[in-house]
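Trainee: Spelled out from the first residue to the last, the chains are:
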Amino acid sequence: MWRWVRQQLGFDPPHQSDTRTIYIANRFPQNGLYTPQKFIDNRIISSKGYEDWLRHNSDNEVNGAPVYVVRSGGLVKTRSKNIRVGDIVRIAKDEIFPADLVLLSSDRLDGSCHVTTASLDGETNLKTHVAVPETAVLQTVANLDSLVAVIECQQPEADLYRFLGRMIITQQMEEIVRPLGPESLLLRGARLKNTKEIFGVAVYTGMETKMALNYKSKSQKRSAVEKSMNTFLIIYLIILISEAIISTILKYTWQAEEKWDEPWYNQKTEHQRNSSKILRFISDFLAFLVLYNFIIPISLYVTVEMQKFLGSFFIGWDLDLYHEESDQKAQVNTSDLNEELGQVEYVFTDKTGTLTENEMQFRECSINGMKYQEISGRLVPEGPTPDSSEGNLSYLNSLSHLNNLSHLTTSSSFRTSPENETELIKEHDLFFKAVSLCHTVQISNVHVDGIGDGPWQSNLAPSQLEYYASSPDEKALVEAAARIGIVFIGNSEETMEVKILGKLERYKLLHILEFDSDRRRMSVIVRAPSGEKLLFAKGAESSILPKCIGGEIEKTRIHVDEFALKGLRTLCIAFRQFTSKEYEEIDRRLFEARTALQQREEKLANVFQFIEKDLILLGATAVEDRLQDKVRETIEALRMAGIKVWVLTGDKHETAVSVSLSCGHFHRTMNILELINQKSDSECAEQLRQLARRITEDHVIQHGLVVDGTSLSLALREHEKLFMEVCRNCSAVLCCRMAPLQKAKVIRLIKISPEKPITLAVGDGANDVSMIQEAHVGIGIMGKEGRQAARNSDYAIARFKFLSKLLFVHGHFYYIRIATLVQYFFYKNVCFITPQFLYQFYCLFSQQTLYDSVYLTLYNICFTSLPILIYSLLEQHIDPHVLQNKPTLYRDISKNRLLSIKTFLYWTILGFTHAFIFFFGSYFLMGKDISLLGNGQMFGNWTFGTLVFTVMVITVTVKMALETHFWTWINHLVTWGSIVFYFVFSLFYGGILWPFLGSQNMYFVFIQLLSSGSAWFAIILMVVTCLFLDVVKKVFDRQLHPTSTEKAQLTETNSSIKCLDSMCCFPEGETACASVRRMLERVIGRCSPTHISRSWSASDPFYTNDRSILTLSTMDSTTY
Amino acid sequence: MTWSATARGAHQPDNTAFTQQRLPAWQPLLSASITLPLFFCAGLAFIGLGLGLYYSSNGIKELEYDYTGNPGTGNCSVCAAEGQGRAPPPNCSCAWYFSLPELFPGPVYLYYELTNFYQNNRRYGVSRDDAQLSGLPSALHHPVNECAPYQFSAAGLPIAPCGAIANSLFNDSFSLWHQRRPGGPYVEVPLDRAAIAWWTDYHVKFRNPPLVNGSLALAFRGTAPPPNWHRPVYELSPDPNNTGFINQDFVVWMRTAALPTFRKLYARIRQGNYTAGLPRGAYRVNITYNYPVRVFGGHKLIIFSNISWMGGKNPFLGIAYLVVGSLCILMGFVMLVVYIRYQDQNDEDDDDE
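If you read the sequences in order, they're chains H and X.
If you use the working numbering, the first sequence corresponds to residues -3 to 1116, in order.
If you use the working numbering, the second sequence corresponds to residues 144 to 496, in order.
The set of hints was computed from the structure by calculation and includes no laboratory data.
Cβ atoms here follow ideal geometry from the backbone N, Cα and C, with glycine treated the same way.
It cannot be assumed that every hint is accurate.
Chain X stretches covered by chain H per the calculated footprint, using a threshold of three residues with CB under 8 Å from any CB of chain H [to be verified]:
id, stretch
1, 160 to 167
2, 183 to 196
3, 301 to 313
4, 337 to 347
5, 386 to 399
6, 407 to 421
7, 457 to 470
Think about it this way: if two alpha-carbon atoms lie no more than 20 Å apart in a straight line, the pair counts; the simulated EDC-like pairs of lysine to aspartate or glutamate are [stated by the list, open to error]:
id, chain 1, residue 1, chain 2, residue 2
8, H, 264, X, 289
9, H, 599, H, 580
10, H, 924, X, 207
11, H, 609, H, 548
12, H, 924, X, 209
13, H, 924, X, 205
The following block holds chain H by itself, in its conformation from the complex:
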C-alpha cells in the first residue's frame, strides 16, 4: 500500500504563510505532481574550490546512500536522494537520518527513540524523541497502512531546536489533533542510537532540511590585510590612470608639430590620418592603460589565495596545537584570516568550557541552611567555615588541594553509605529526591553498542549505570546523589525509578518544564508513590530565590554567595506541592500551550511562569569546574602582548570574579571597579562617570572592570561613549550574567569604536556562536558542550592554552609573511612597469614596449613568482620559541604596522628608485647608442629592453633574498633557481626562430647581450646599486632604532654552519656538504647534531625575564 504525504505548495505559497500543510492520505495516484526533490545541492558559492570539492564528495556519498522507504505495503530500497516529502522512511540502528523526519513509531512500545546529534551540534549525549501515541503503535509496515493523517508544520527554518507543527490523525471517522515539537522531529545528519528501528515521515528534504539551511549562514569575513590591500590597489589604480593621462597629454603636445607626428620616414595610412581626433585620443589613452596595466598586480590575488590556502595547513599540522587526550588537532575553517591572528587587540573569551574544563565535580551543598561538603563520597557538615572569611587568597591556595581531592573522589567507586549518612538522607529526604528527580538525564546500561564515546560517562562501574545528560552539571549532581545513596535508576514509560538506600521508589513523571536560557531554570512535576503531586525546580539562584516563599532563603543566599566566591557553580533547588485542583488547571493550561500552533513559545513561557511560583526552597548545590591547563600563563602572555582580555560569561558575579582571579585575568595588584546592579539610566551614567574619574585619578595601577548584563545593556543603550572610555582604560574587563546576544553586542561595540580594533572571540558552546561570528576572528574550543562553536568558528582548537601559540607564533608568522608578500608584489610591479613609462619619453609616446611580449607575460608568472610564494609559506623571521616566550614581540606588528601607509610608501618609492636605476643605468650605458660589443656592432631597442629586464629580474629576486631570514633548501632552490631559469629560458627563447610568432624581435638578442663585457659589468653595477640603498636603510634601522623583534633576533646564535645545515637537507647537496662540514667541525669543533634540532625548554630564560617585566611595569598594556 502506498503512503503519500502531500506537500501542497501550490495552495500554500511558502513565503506568505507561516505554516505548510502536509497531509497523509491513502491511495494517492502514483504519478502525481510530486517532483522528487534532489536530495542535496548545496553548492555554496565560494572561492574555496578545495573546500567545495570536499563538501561535494561528501554530498555525493550522502546522496547515494541506500535507504528503505515504505512503498506498496513493503520496504523498497532506494537512494536517499530519491526521498520525497511525505515518504515514510525506515531507519535502523546507527543509521543517519537522510531527511528531517517526524517520528511515527519505533520498536519500543512508547514510541520513543534515542538519537545523537553529534554531527550537527556536537552534543554527544543521547536525546530522546517521542512519537505521538496514536502512531506509536504502528510498529510494522503493515500496520502503517491504516494511518490517515495530515501534518501541518512551519516553513523550513534554520533553527535546529525549533519545530512547531501538529498532526491531525483520522481514526474511526474522528480527528485527533496532536502537537508536534522538536521532540518528535528527527534531524537529518543525526544518528539513531539504542533503538532497533524507527519509521518516520519526511517533512523537509534536500535544501530544506535544517542541516542544509544551516550551511549557508556563514558570513564572509575579510581581514585587515585584505582591506589595506584594496587601499593600495586604489592608490596604484590612481598611479596607473595618471601615468596614462600624462602620457596621452604629452603625446599630443609632442605631436602638435608634424615633424614629430608624421615625419617623412614614418607616414600614416589614409585611415589613420582621417580618424577623428577624439577617437584617437581615447584609443591612445586606452593603449597606455594596456601598456601600464601590469602595475596592478593581478597575480597578487592568486598568490595571496594560494598562500592562505597552503599556509593554513601548518596550523592543522602543528603538534603543539594537538591535544593528545582528546585526539584533536587544530582546525582551520577559514583560511582567509590567518594573518588576522597576528593583529588581535581584544580577546573575548567565554568562561565555562573555555577557561575551565567543563568537567563538573560536585563539591558542596547547602540543605535547609546547613552547609555540607562531599569528602570521599560522603557528606560532611561544615561548621561556620573559617574558609570564607579568609577570602580569595586562601581559596587560591586551596584550589590545588581540591584538585587533588577530585582525583580521589572520581576514582573511588560507588560505595554503600555509612550509618550517619542514612540519617542525613532521611533528614533531607526532599532535597535529595529533588536532585535525583529534577533532571533530564538518560541512563544507558547497554555497554555493547558503542555509545560509550559520550563524554558524560560516569565512573560508577559496579552499578552498571551510565548517565548521559545534556548538561554536565546535571550529570554531576545525579552522580553525586548516587554516591551518597540515592540512585536514579531510570525512567521508563513516564516513570522515574529511584533507589533510596536500596529501596526502590517509583515516581510518575507528569510533566517536564524544560530548561531555557531566559528562565534559567527547569522543573519536573511528578506523582510520588504516596500520590501527592510535586514540582521540583532547579535553576540559577537569581531565578529561583525570588520565586520562593518558604525555606531558609537568607541562609541559603549567604551560602550560595560563599560557594560562588570559591568559584563554584551553584544551583538552587526548590519544590512545590500541588493540590489536585491546582494540578488539573496546570495540566490543562500546559496542554493548551503545548498544542498551540501560533505563539506556542510565548504561551508556554506564560504557563511556566504560572506554575513555577510559590516555591519552597530546599537548598543549593555547588559544583566545581576546574580551570584548564595553563590558562593563567596564557592570559598573562596575552596581556603582555598588548591584547586586552575580556571575559564574557553567563555566570553570576561572584563566581565570575573568583574564576577571573584564579585564572589571572584579574590579579591582586589590580584595582577592581564594578558596574553592577544598575537599575536606572541615570544611576548607571553617574556610576560610569565616577569610574572614569577614579581611573584618571589613579592611573598608576591597572584597573579591572566588572560589569553585569543588566548594567551593560543600560550602559550600552545611552552611554556608549562613556562606557567605552572606561573600558579602554581598564586592562581587564569581566562581563557576567551575559546573554549570548549580549556577548555579540559587546564585541560589535568594540569593533565599531573609533580605533577599530581587531577582535577575537573564543568560546566552546552554542551560546558563544553569535559572538564567534561577530568577532573578526572566531575561535572555537572543541570542548564538551558540543561542536557547534567549533563548526561556526574560523579556527577550532582543543584547549585555551593553544591560543598563545596560535596568535604569537602562527599569527605573527602569517602576518609577516602576507604583509611582505603584499608589499613585495606592489614593489615588483612598480619596478616592472616604470621603465616602460620612462621609455615613452624617448619614443615620442608611441606606446612602444620596452620588453618583449613574452617577457611581459612571464615576469609575474614565472620569473618572480616562486621565491615570494615560498617565502610567504616558510618565512620565520625569528625562532617560533622566542616568539612564544616573548609575547611582547607581538606588539611589533600590532595595528597593521607592516602595511601602514609609511611602509607602503617606502616600498613604492623603493620600487620607483630601482626602476629609475634600471632604466637610466641602461640609458647612460648605451649613451649615444655606443657600441658595447667588442666587434663594434650595435645593439638595438630590444637589447636595451632586455638589459633593463635582466637587471630587474635579478634585482627583484635578490631583494626578496634580502627580505628572507629563513633560508631552507627550498628557498635556496627557488631563489637561485628563478634567476637560473630566467637565463636558461631567455637563451632558449632567443636561440630559435619561432615559426608561429609574427616577429622575430628577440632572435639572438639575449645571447648578444651576454656576449658584451660591458653589459655584464653594467648588470652587476645596477643590481648592487639598487640593493645598496636598501641594505643601508636596513642596517641603519637595525642599528639606530631596532624593534624588539630585531633585538630578539640578535640573541639567537647564528653561524655559518646553519647555512650548511640547510644545504644538507637538499638531497644533492648532502654528499658535497658532508665533507665540508666535517672539515668545519674539525676547525671549529662545535657542530654537533643538537645544534640543528634547536631545543628549548619551558625554563627558558626569556620567559622568566618577561614575567618580571610584567610585575614591574603594570601600565604596560594601557600605554600601548
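We have chain H; now place chain X onto it with these hints.
Mentor: Quick look at chain X alone, frame taken from chain H:
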C-alpha cells in the same frame, strides 16, 4: 620513534621537520658587523674596477664630424639646402677634410650617427615583415598589414621589403681617401663593409627568397621596391652575397635603435696598410649626400672610432663604478661610526639592566 606507534592518536599530525616548520635553515642577519666588511670590500673592488674601466674607455679615440650641412658648416650645406624636400634629393656629394697628427690606432670603425630620428616609434618599429625578410615566398607577395602605408605600391604591387623601416633605409655613402704626403694624391682607404651586421641576422634571420632560374631579380618579380628607393632590393649591391635582403647595410638598418640618437656601423678599416690603424696624414671623406634629416631637425654625423673589449668610448661605466665604490666606502665609514657609538650605548643599556 618507538613511542609514536602506541601513543599516537588517529588525528595526530605528522612529526616531520616540514609540517612542524622546523626545516633546518640558515638565518642570516643584516647586522652592521656583517655588512661593514662587505661594504669596504665591495667599495674597494668597485673602485678598482672603476679605475680599470675608466682608463680602458679613455684609451679609445673618437673622431666625429657633423655633416648635416646646416648653413655655414662646411661644404655639405649646399647639398642640405637642395635636399630640403621630402622627395629623394638629387645626387649630391660633399667632402670632409681632416688630418691626423699621429696614428689613429686600429682597428678603426666607421659609424654614421643620426639624431632626432625615432626608430623606436611604435608605428615605425612594427612596420616590417619578418616572414618576408626571411625569404618566405608566400610572405614576399603578401606583406603583413603592419607595413601599411608601405605595404603595396601605387600600382598595387606588394612592396619588398615592405614597411617604413625598409623604406627609410639610410642611403648616404662614404669613401675615405688618404693623402700620405702633403700635396700628394689621395689614395682610397679600403673599407671593409662585410660583417657589420650581427652574424645571426645576416646568416639566419634575413634570407633572400629562393632564386628563380638562378636569378634573384626573377625571384622578386611581381614586387615593387619601397617608394623612396631608387633601385630594387636585388640591386643593392653587385655582390650576390650582399644583395637583396641580406645586404649588410640593409640588415644593420633593420635592427632598430633604442633611442632617437643612434649610431650604425658603416665599415671597418683593417685592410692593406691600415691594419694597425690610420697613419698620420691628411684625409678626405667623400660623402654622397642623399638622406634628408633637416626636415625633422636631425643631424647626421660621421665617426671614426676604435674599439676595446668593452665596446666604444663610454666613460659612464667607469665613473659609475667609481661613484658607487666610493659611496660604499663612505657608507662603510658612517656605519662604522654609528656602530661604535651604538655599541657603547648598548653596553650602557646592558649595564642599566
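Trainee: Now look at each hint and say whether the structure bears it out.
Mentor: Evaluated hints:
1. Note: the stretch 160 to 167 of chain X has 7 residues with beta-carbon separation from chain H under 8 Å; the three-residue rule is met and the coverage holds.
2. Residue count for the stretch 183 to 196 of chain X with a Cβ under 8 Å from a Cβ of chain H: 4. That meets the three needed, and the coverage hint holds.
3. Given as covered by chain H, the stretch 301 to 313 of chain X passes the check, having 3 residues with a CB less than 8 Å from a CB of that chain where 3 are the minimum.
4. Counting residues of the stretch 337 to 347 of chain X whose beta-carbon sits less than 8 Å from any beta-carbon of chain H gives 7, enough to reach three: the coverage restraint holds.
5. As drawn, the stretch 386 to 399 of chain X meets chain H at 3 residues by the rule of a beta-carbon pair under 8 Å; at three or more, the given contact holds.
6. Closer than 8 Å: that is the beta-carbon criterion, and the stretch 407 to 421 of chain X has 3 residues meeting it against chain H, so the requirement of 3 holds.
7. For the stretch 457 to 470 of chain X, the stated coverage by chain H is satisfied: 7 residues place a CB nearer than 8 Å to a CB of that chain, which reaches the threshold of 3.
8. Between residue 264(H) and residue 289(X), the direct Cα distance comes to roughly 11 Å. Compliance with the 20 Å bound is thereby established for this hinted pair.
9. The hinted pair formed by residue 599(H) and residue 580(H) meets the criterion: a straight-line CA distance of about 18 Å does not exceed 20 Å.
10. Our distance criterion of 20 Å between C-alpha atoms is met by residue 924(H) and residue 207(X), whose separation comes to about 13 Å.
11. Restraint check for residue 609(H) and residue 548(H): satisfied, since their Cα atoms lie roughly 16 Å apart, inside the 20 Å limit.
12. Our distance criterion of 20 Å between C-alpha atoms is met by residue 924(H) and residue 209(X), whose separation comes to about 14 Å.
13. Annotation: proposed proximity of residue 924(H) to residue 205(X) holds, straight-line Cα distance about 13 Å (limit 20 Å).
In this structure, none of the earlier numbered hints is contradicted; all agree with it.
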